[in-house]
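Keeping the supplied structure of chain A fixed, place chain B upon it in accordance with the hints.
The listed protein sequences correspond, in order, to chains A and B. With the first sequence counted from 1, adding 2 to any position gets you the numbering used here. With the second sequence counted from 1, adding 266 to any position gets you the numbering used here.
Derived by calculation from the structure, the hints in this document are not laboratory data. Please read all numbers here as calculations on a predicted model, not as lab measurements. One or more of the hints may lead you astray.
What the hints assert, rightly or not - So the derived label-pair ranges between C-beta atoms look like this:
#, chain 1, residue 1, chain 2, residue 2, range
1, B, T294, A, S75, 33 to 39 Å
2, A, Q13, B, F276, 27 to 33 Å
3, A, Q13, B, G325, 34 to 40 Å
4, B, L268, A, Q13, 42 to 48 Å
5, A, V26, B, E310, 32 to 38 Å
6, A, H12, B, L275, 26 to 32 Å
7, B, Q377, A, G74, 47 to 53 Å
8, B, T293, A, I40, 39 to 45 Å
9, B, E267, A, N103, 21 to 27 Å
10, A, Q66, B, R326, 21 to 27 Å
11, B, V321, A, S11, 23 to 29 Å
12, B, T293, A, L86, 29 to 35 Å
13, A, V26, B, A344, 27 to 33 Å
14, B, P305, A, Q13, 15 to 21 Å
By construction, the Cβ of each residue, glycine as well, lies at the ideal position given by its N, Cα and C atoms.
Here is how the chains run, residue by residue.
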Amino acid sequence: EPEVTQTPSHQVTQMGQEVILRCVPISNHLYFYWYRQILGQKVEFLVSFYNNEISEKSEIFDDQFSVERPDGSNFTLKIRSTKLEDSAMYFCASRATGGFNQPQHFGDGTRLSIL
Amino acid sequence: ELKVEQNPLFLSMQEGKNYTIYCNYSTTSDRLYWYRQDPGKSLESLFVLLSNGAVKQEGRLMASLDTKARLSTLHITAAVHDLSATYFCAVDIGGGADGLTFGKGTHLIIQP
Numbered sequence: 003e004p005e006v007t008q009t010p011s012h013q014v015t016q017m018g019q020e021v022i023l024r025c026v027p028i029s030n031h032l033y034f035y036w037y038r039q040i041l042g043q044k045v046e047f048l049v050s051f052y053n054n055e056i057s058e059k060s061e062i063f064d065d066q067f068s069v070e071r072p073d074g075s076n077f078t079l080k081i082r083s084t085k086l087e088d089s090a091m092y093f094c095a096s097r098a099t100g101g102f103n104q105p106q107h108f109g110d111g112t113r114l115s116i117l
Numbered sequence: 267e268l269k270v271e272q273n274p275l276f277l278s279m280q281e282g283k284n285y286t287i288y289c290n291y292s293t294t295s296d297r298l299y300w301y302r303q304d305p306g307k308s309l310e311s312l313f314v315l316l317s318n319g320a321v322k323q324e325g326r327l328m329a330s331l332d333t334k335a336r337l338s339t340l341h342i343t344a345a346v347h348d349l350s351a352t353y354f355c356a357v358d359i360g361g362g363a364d365g366l367t368f369g370k371g372t373h374l375i376i377q378p
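Only chain A is shown next, with the shape it has when bound in the complex (with noise of 0.2 Å):
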C-alpha cells in the first residue's frame, strides 16, 4: 500500500538553527498538509498546501515557518530560526483529492529535538 514518507525520523538541532523536515507524498495526491504533536498532546493542524500554494494554515503557522513543494514529488517544511518550543512530532499527511470521503493519510513523523 503506498506511504507517505518523512526524513529525517529524528532530527536534533541547536536553537536558532534552520531546520527542514521532508516529506514525500502518495503520489496520486493532491492536497499536503503538516501537523506537529508536542509530547503528550493532541495533534494540531499547521499548514495546507493544494495546486502549488498555501490553502490554509493556522495561528501556529507563523512567519518562522514556510513550506515548499520543490520538485513534483517532495513536500517540504522550514523552520526558520528553531525555539525550544518547536520542539514536538512532526506529521506530514496527504489526500488523493479534495473529496471528504478520503482520509488524510499520515507519514510516521520526524520528532524535532531543539537544544
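This is chain B only, laid out in the frame that chain A set:
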C-alpha cells in the same frame, strides 16, 4: 473556533469488556474521522463518517455520527489487548484543503 472534546482521556479496561469513547464538537459538521496511534507511531485511519446517522464497523470497533448532537462514538466490543492505543477523533469543517481539528485523544489500555 472549533473545539473537539473527547472523553474519557484515559481508559483502562479488561479484555472481553465493552466500552464507548465519545467525541463532541462545537461547530456544525458532517465530516468526522477516527484515527488510531500506537506509541511513537503515526496516525492510522480507522473510519470516515460523512453523514448524520453514519455507522461504520471494522472488527471489534464501531463508529457512529450524530451531526445534530455534534457527537460521534467509537464503541469497542469484547476488547482485546491488541486494541490498546490512543484513539483520536478529528473534525473537518472546511473545504477539501483544510486541516483537521483533533481531539486530545483517548489513551486506551486493555489488560488481560
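Right, here's what the structure says about each hint:
no., hint, result
1, B:T294 <-> A:S75: 33 to 39 Å, "holds, 37 Å"
2, A:Q13 <-> B:F276: 27 to 33 Å, "holds, 30 Å"
3, A:Q13 <-> B:G325: 34 to 40 Å, "holds, 36 Å"
4, B:L268 <-> A:Q13: 42 to 48 Å, "violated, 30 Å"
5, A:V26 <-> B:E310: 32 to 38 Å, "violated, 18 Å"
6, A:H12 <-> B:L275: 26 to 32 Å, "holds, 27 Å"
7, B:Q377 <-> A:G74: 47 to 53 Å, "holds, 48 Å"
8, B:T293 <-> A:I40: 39 to 45 Å, "violated, 24 Å"
9, B:E267 <-> A:N103: 21 to 27 Å, "holds, 26 Å"
10, A:Q66 <-> B:R326: 21 to 27 Å, "violated, 44 Å"
11, B:V321 <-> A:S11: 23 to 29 Å, "violated, 37 Å"
12, B:T293 <-> A:L86: 29 to 35 Å, "holds, 33 Å"
13, A:V26 <-> B:A344: 27 to 33 Å, "violated, 39 Å"
14, B:P305 <-> A:Q13: 15 to 21 Å, "holds, 20 Å"
Of the hints listed earlier, those the structure fails to meet are numbers 4, 5, 8, 10, 11 and 13, in rising order.
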